[in-house]
Amino acid sequence: MTSYNVHKLFEEIERVVKSDLSVAAALLHIIQFCEAARPHPDWAALRTLEVEGDLRQLQQWLETLIRETPPPAAITGLWFGLFNPVVQERVTADIHLIGAPYDATNHD
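Residue 1 is where the sequence shown starts when you use UniProt numbering, and the numbers rise one by one after that.
To be clear, the hints were calculated from the coordinates, so they are not data collected in a lab.
No residue lacks a Cβ here, since even glycine has one placed at the ideal position from N, Cα and C.
The reader is advised that the hints may include incorrect statements.
What the hints assert, rightly or not - With beta-carbon atoms standing in for the labels, derived distance ranges:
hint, residue 1, residue 2, range
1, Gln59, Val86, 21 to 29 Å
2, Leu55, Thr92, 16 to 24 Å
3, Leu65, His40, 32 to 40 Å
4, Ala36, Ala100, 32 to 40 Å
5, His40, Gly81, 23 to 31 Å
6, Lys8, Val86, 30 to 38 Å
7, Leu62, Ser22, 13 to 21 Å
8, His40, Ala74, 41 to 49 Å
9, His40, Ser19, 23 to 31 Å
10, His107, Arg47, 33 to 41 Å
Kindly generate the complete structure, drawing on both the sequences and the hints.
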């Protein structure tokens, strides 16, 4: 089994993130990049994800959250956490958001 060159993958992700591609197009590009490095049938399934619809839901969730519970002025950084809780005996995917003061000079 071939392995990824992680350095090349991160460079490609950075290049794509800095490009003018839409999120959906960028994700497809990264999937193609990964598939070329490590072919697997699962890449086809990932290409069928409804990215644009998910992005709209995520944007609506974030806008509602910030509007209904605005963070205090001291909150200058946001951390998005992805996790897999078990709900009714099924593993699911979820996200949470934590705000905290951010100090760019603090390297901890």
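Consistency of the hints with the structure:
1. Gln59 x Val86: 21 to 29 Å: holds (27 Å)
2. Leu55 x Thr92: 16 to 24 Å: Given range 16 to 24 Å: holds, Cβ gap about 19 Å.
3. Leu65 x His40: 32 to 40 Å: Since the Cβ atoms of Leu65 and His40 sit about 36 Å apart, the hinted range of 32 to 40 Å holds.
4. Ala36 x Ala100: 32 to 40 Å: holds (39 Å)
5. His40 x Gly81: 23 to 31 Å: Since His40 and Gly81 have Cβ atoms about 27 Å apart, the given range 23 to 31 Å holds.
6. Lys8 x Val86: 30 to 38 Å: The hinted range 30 to 38 Å holds for Lys8 and Val86, with Cβ atoms some 35 Å apart.
7. Leu62 x Ser22: 13 to 21 Å: holds (18 Å)
8. His40 x Ala74: 41 to 49 Å: Given range 41 to 49 Å: holds, Cβ gap about 45 Å.
9. His40 x Ser19: 23 to 31 Å: Given a distance of about 25 Å, which is inside 23 to 31 Å, the answer is holds.
10. His107 x Arg47: 33 to 41 Å: 39 Å Cβ-Cβ, so the 33 to 41 Å window holds.
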